[in-house]
Amino acid sequence: MSKLIKGGEFIIKETDCNNVFIVEDFDEEQLMMRDSVKEFIDREVWPHKERFEKKDYAFTEELMVKAGEMGFLSIAVPEAYGGMEMPFMSTILVCDYISGASGSFATAFGAHTGIGTMPIVLYGTEEQKQKYVPKLTTGEWFGSYCLTEPGAGSDANSGKTKAALSDDGTHYKISGQKMWISNAGFCSLMIVFARIEDDKNLTAFIVEYDKDNPNGITMGEEEKKLGIRASSTRQVFFNDTVVPVENMLSDRQNGFKIALNILNIGRIKLAAACLDASRRIINNAVNYANERKQFGTSISTFGAVQEKIALMCTKTFVTESGVYRAAGDIQKKIDALIADGMPHADAELKGVEDFALECAILKVYGSEVGQYNADEGIQIYGGMGFSEDTPMEGAWRDARISRIYEGTNEINRLLTVGMLVKKALKGEIDLMTPAMNVANDLMAITSFDTPDYSVLFSEEKEILGKLKKVFLMVAGKAVEKFGMELEMQQEIVLCASDILIEIYMAESTLLKTEKLVNKTSEKEAALQIAMTKLNLFNVVETINRKGKEAIVSFTENDEQRMLLMGLKRFTKYNNYPNVVALKKEIAKIAITKNGYPF
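For the sequence shown, my numbering assigns the number -11 to the initial residue and increments by one for each residue that follows.
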């Protein structure tokens, strides 16, 4: 266990590329599962996109039934309850490729297999698992998750829904209102969070729902939404809904903990869910750019369009690198815990919890890349991109929700730094020593020697090391200045968070490419090398800007000048890449392949 990297430790340690998971490491079984999912989506979902846009909720439910028949709802469920019991990595892979064609279907699938099923798998009693999980696994029943309320969104633990124990102690009566409940229109089971008496924290309950015997449950009309239009989303009202005491999920007041841990799993899955959507957007955009003629030539020959294609491909490649790196680290942690005797459910919870920081990073980055790609996809289509007759405007609308659910990106950005600081305060990660070393570096005399950068990525690795110093410098000084009040300085924390996010994603990309080069050759991995270098250039620019914004906002005089000098030193290239040439190289391959090149 001691040899495994801990969550958040990437910021203070170097990682060997051979220790990261990349998609080229998938085994034959996983590749077969991937191909099976792609075949299902291409056959059942992609050709019928217009039905989702026309709010065909019955079609979404019909597809969920088919997904159950194919076994896709059972990937993460133990064999004892009718599931395939595939590794965590495989659940990420399925989530990736099942989510790209329709945000409506992706949301229904994710809500059911994730927040609708996993709370019982991970926290339920044996009796609860035996009773409910097999029905959820086959698609006989569908699940939903009732947490959000009109007055309790990001502050989920402030919910007002009440659960009152009956006089005879046999059941609870739940009363309250929930909103934005995915799958509400066709679910048979709800995970409901309510407060017992004046408890500090919520308690979770398993609530059955039968339309013919509603048990005090009523529903609002389907919400009229910007995107994911055929994802059933309704308000749910509970009026003395009777729930047997044996349907309490886990312990009293453990509901908030359940909610947080299930969200951690949902965050990395959401990032994965943005991947194939991005691939399909790029495929459509490049295909259109190749076919669309203006000024007597295909618009894909224009540098302005090529730049868009290059950046869309690069950002998607970066997202993929980060998602599967984190999933690989989580899988290793789960496997090690199981090997030490921990039950599978506990091991999965602990494994994901340890990398909750990375899950938050990926949620932010993946959702913003998905939106970026859809937006640029519209731009490449021009006026046609604004039309419902082409796929881009629907993709843009579906992508927009990803920055809101599973915790808004603002909340997740704040969480990344907050979780890292808490790990340091608990002694789980030593941030103090590296931060003090950076402070000493600021006082050291700058070396003007030119290092030998003849080995691939030698300069890029040096730059990444210096970028980590930028984070430690900014975050360390902020902690020193604000102490426990740092969380009140949200603008400063957001700057530090963006630096942290960019470092993790850039390092993940470099490590993936380095490992790929070792498996193949520099020639065969030339495109990945170009993407890695282009991304790092943009990362350095972003970190320079965010670092400067933070430094000038909470320091002054000599201290400010010293930190700005450090920032300049830590964001310096010795040999800048030819950025335009990199973009042209990347775009050329995508244009030749008529889509996303991997």
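These are calculated hints, taken from the structure and not from any lab test.
Do not rely on the hints blindly, as some may be mistaken.
Straight line, CA to CA, 27 Å or less: simulated BS3-like cross-link-like pairs of lysine-lysine [stated by the list, open to error]:
# : residue 1 : residue 2
1 : Lys42     : Lys212
2 : Lys150    : Lys245
3 : Lys161    : Lys119
4 : Lys213    : Lys338
For each hint, the structure was consulted:
1. For the hint pairing Lys42 with Lys212, the CA-to-CA distance comes to about 12 Å; that is within 27 Å, so the pair holds.
2. With a CA separation close to 18 Å, the supplied pair Lys150 and Lys245 stays within the 27 Å bound.
3. This hinted pair checks out: Lys161 and Lys119 have alpha carbons roughly 21 Å apart, not beyond 27 Å.
4. Pair hint Lys213 plus Lys338 does not hold up; C-alpha atoms about 35 Å apart against a cutoff of 27 Å.
In terms of the numbered hints stated before, the structure departs from hint 4 and from no other.
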